[in-house]
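Based on the sequences and whatever the hints tell you, model everything.
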Amino acid sequence: MLAAMDLAAAVAPTTLARQRTLPVSNPLIPLFPDGALVRGRAVSCQGVAATSLALALAAEPTTAGAWVAVVDVPWLGVEAAVELGIPLERLVRVDPGLSGSRSEWADLVGAVLDGFEVVVTRLPRHLSATVARRVQARVQAREAVLIAVGSSLSAAGRGPLPLDLTLEATTAVWEGVEQGWGCLRGRRVTVTSTGRRVPRPRQVELWLPGPGGGVAAIEEREDVDVEPVLLSAG
Amino acid sequence: MTMRYVTVWCPDWPVVAAGVAAEVPAVVLHANRVVARSPAAAAQGVLQGQRRRSAQQCCPDVVLLDHDPDRDARAFEPVVRAVGRFAPRLEVVEPGWLCLDARGPSRYFGGDQSLAKQLMSAVRAHAGPVAVGVGVADGRFASAVAARRAVGGRGPIIVDPGGSAAFLDRLPVAWLQHVGEADAELVGLFARMGLARLGDLAALPAGDVLARFGPAGRHAHRVASADDDRRANAEDPPPERRVEQCFDDPVVQVQPLVFVGKHLADQLVAELATEGQVCTRLVVTAETEHGERTERAWYRAAGLSAPAMVERVRWQLDGWMEAGNVSAGVVLLRLAPDEVRGDDGDQLRLWGGPSAADERAARAVTRLAGMVGDDGVLVPAWHGGRLPGDRYGWVPASTTDLTDPDDTAQRLRPDLSGPWPGSLPAPSPAVVQPEAQTATLTDANGELVQVSGRGELSAPPARLTIGDRPAQTVTGWAGPWPLDERWWEPPRHRRLARLQVVTADGTAHLVLAEHRNWWVAASYG
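Quick mapping for you: the protein sequence lines, in order, are chains A and B.
Its first residue numbered 40, the first sequence is counted upward by one per residue in the working numbering.
Its first residue numbered 49, the second sequence is counted upward by one per residue in the working numbering.
These are computed hints drawn from the structure, not numbers from a lab.
In this text, all values refer to a predicted model and were calculated from it rather than measured experimentally.
Wrong hints could be hidden among the right ones.
Under the rule of at most 25 Å between Cα atoms (straight-line distance), these lysine to any residue pairs were calculated in the SDA-like manner [said to hold, decoys possible]:
1. LYS165/B x GLY203/B
2. LYS310/B x ARG181/A
3. LYS310/B x ASP248/B
4. LYS310/B x ASP296/B
5. LYS310/B x ALA145/A
6. LYS310/B x PHE215/B
7. LYS310/B x ALA214/B
8. LYS165/B x ALA135/B
9. LYS310/B x VAL170/A
10. LYS310/B x ALA180/A
11. LYS310/B x VAL299/B
12. LYS165/B x PHE215/B
13. LYS165/B x ALA214/B
14. LYS310/B x ASP153/A
15. LYS310/B x ARG408/B
Some chain A residues flagged as far from chain B (calculated, every beta-carbon gap over 12 Å) [what the hints assert, rightly or not]:
16. ARG59
17. SER64
18. GLY74
19. ARG129
20. ARG172
21. ALA180
22. THR233
We put the CB at the ideal spot given by N, CA and C, even for glycine.
Right, dumping it as structure tokens:
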């Protein structure tokens, strides 16, 4: 069965999407219709695990040699980035400072896109449609991937920047901490991907982060002897 | 019979090309390192290869310029044309460095001395009062060394015919690296083995050198003995090796021509590679509809890669078209390899370096630093610590060389990274605010939870309030883990307790109790 699939992959015509993609770590692959991050697209990470999701997405491309720029995300935890698999040799942080006008952000992101294939950024609160289109065109022209994090994206609307894919952790359960004892070991999340590039919403259950800090698929475990505190994030 | 060459060398040409006067201290930077410096900067102690910050320390008001090889080539064009009038067989190595066959012109001008003086005045006439060195000797290497030594001296250095070996004898082996005939590794190896001077190297038997150091060493040996500057396995390729493209519609712009040039270069390099050869001397020819022609030879001892060839095609076409000698479109572009040599694999060492992505990122970083300031573009650096945000700090990207792997390794993985007992295990929090947020942790009765000196909580926490946000119910907690850091250093002494708290909305936080107050140090977001 597997051999036949390999053969099929070998003789299938290589479509543009398959060539122009950036890799994604294995546990996250089911979230993407193309099985990878298509270049020129904008992805948004929302919800309680937004930052971890964004870092986990950036991990595989940067390990493969791409450079990642983090623009206007002053709350980035570097140790978490390392644990999620981002090689620090290719990480650069850009801090626009206190001035946060939207045209400056657009110029900054434009300059960043000239040199970096993966850009993680917080979208400014108000973005005019023209500026948003300009940024989107730049992302497509540079064949980069824009990953948006932050709270300026409401649950209902997405702001004017056309987002191809939205990832959100719809349930999040921390394991390891009880009433006065233990230590945070990992978080089981259900990540849902929606958006105009996803015909039907996709879902996958993950450790984000898992024990040791990285992203991992949920495997069957027998040692569930404590009742996990079930939480559902709105 | 070794050919006699005259080399014209303009040191620090990038600074000259940028149009900076000699008395202004200026440096040209590439990837944060000094590539060229003006005489005023050199006088203040700025060295080539230095980091930008070091250069600024030597000379605080130094003018910083970006490296622009195209600008250098364009500025050098008039000089090349002027010198080209002296001799038909001219080759350009790079902007600032020319090499000519000396015999014919020397006879015409009545001797080497007279030829050299004519060249110097020609260069000065077209480039201004720049430092220029001219050297005449047998062999390209000796001539190049002579030209470099002639800079700032009492005039051109003429080495007598047959006197190259004696001229090179007492010079340090580092000259092989300066002129590009050997790489730093090999020269370092020679030095470590006690071969401090070119004469020491030349004194060794050729066979032993080949056996011990390989083809690169053999070449260095020949060059040091002024034997024959062409590699032992160099030969002239047959004429059918050249690649060319004829255009039915004459092309007026440089960009499409360079694009075609790229394909031709790739084709040529691939063809030579199948024979295990690499091109050391390339002749680039372009012709217009009206018969105007540009033809120039480009030489590089280490061999020309495809990107290097394309770069030179662009320089040549830019210079030719800008000079206004072109009245019609180009109908022919030809690349002809004039000299090739066996590919010893040297190339890989010389050009294995930062990838294109690394260079692109480094360039973007320079530009971004210009937009948001040096402190706005940061890279992580290992710091060491127990609390989130302590283990890695941020340093300005301008203080490092992003394309240098040694530099990066130094920054991120220090030799001494202790075990840091007392730090919390992975997973680490992903959200670490620059400033810790004030918080309130209350128990079931609404009283503030306290941590005793012995590390015990007054009551189990029930509600957590972070800053102005609404209070959250605590669904799980662990700790307190006390931390007493740097008790031997009063200003930096920290005594605190840590708690991991999970709230009803599914978030987990790392909460600290310090000075009887609660703070949220980080969130697991």
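Hints, one by one, checked against the model:
A hinted pair counts as satisfied when its Cα atoms are at most 25 Å apart, and LYS165/B with GLY203/B qualifies at roughly 8 Å. Of the pairs offered as hints, the one joining LYS310/B and ARG181/A holds, with about 21 Å between alpha carbons and a cut-off of 25 Å not exceeded. At roughly 43 Å between alpha-carbon atoms, LYS310/B and ASP248/B are farther apart than 25 Å, so this suggested pair is violated. Only pairs whose Cα atoms come within 25 Å are accepted, and LYS310/B paired with ASP296/B is accepted, the gap being roughly 19 Å.
Distance restraint check for LYS310/B and ALA145/A: the Cα-Cα separation of roughly 33 Å exceeds the 25 Å cut-off, and the hinted pair is therefore not satisfied. Taking the CA atoms of LYS310/B and PHE215/B, the gap is near 41 Å; set against the 25 Å cutoff, the hint is violated. A distance of roughly 43 Å separates the Cα atoms of LYS310/B and ALA214/B; the hinted pair therefore is violated under the 25 Å criterion. Under the criterion of a C-alpha separation no larger than 25 Å, the hint pairing LYS165/B with ALA135/B is consistent with the structure, at around 14 Å.
Between LYS310/B and VAL170/A, the direct Cα distance comes to roughly 35 Å. Violation of the 25 Å bound is thereby established for this hinted pair. For a cut-off of 25 Å, the pair hint linking LYS310/B to ALA180/A stands: about 22 Å separates their Cα positions. Taking the CA atoms of LYS310/B and VAL299/B, the gap is near 15 Å; set against the 25 Å cutoff, the hint holds. At roughly 21 Å between alpha-carbon atoms, LYS165/B and PHE215/B fall within 25 Å of each other, so this suggested pair holds.
Pair hint LYS165/B plus ALA214/B holds up; C-alpha atoms about 24 Å apart against a cutoff of 25 Å. A threshold of 25 Å between alpha carbons decides the hint, and for LYS310/B with ASP153/A the separation of about 22 Å falls inside it, so the pair holds. Among the hinted pairs, LYS310/B with ARG408/B is consistent with the structure: their alpha-carbon atoms are about 20 Å apart, no more than 25 Å. Listed as a non-interface residue, ARG59/A keeps its Cβ farther than 12 Å from every Cβ of chain B; the least gap is roughly 16 Å.
SER64/A, annotated as away from the interface, keeps every beta carbon of chain B farther than 12 Å; the closest lies near 16 Å. With a minimum CB-CB distance of about 23 Å to chain B, GLY74/A clears the 12 Å threshold, and the non-interface call stands. Distance check on ARG129/A: its Cβ comes as close as 7 Å (rounded) to a Cβ of chain B, failing to clear the 12 Å threshold; non-interface status is violated. With 12 Å as the threshold on Cβ separation, the claim that ARG172/A sits away from chain B holds: the shortest Cβ distance comes to roughly 21 Å.
No beta-carbon of chain B is positioned within 12 Å of the beta-carbon of ALA180/A; the least distance is around 14 Å. Residue-level check passed: THR233/A sits 19 Å from the nearest beta carbon of chain B, beyond 12 Å.
Figure legend: structure checked against the earlier numbered hints; hints not met, in rising order: 3, 5, 6, 7, 9 and 19.
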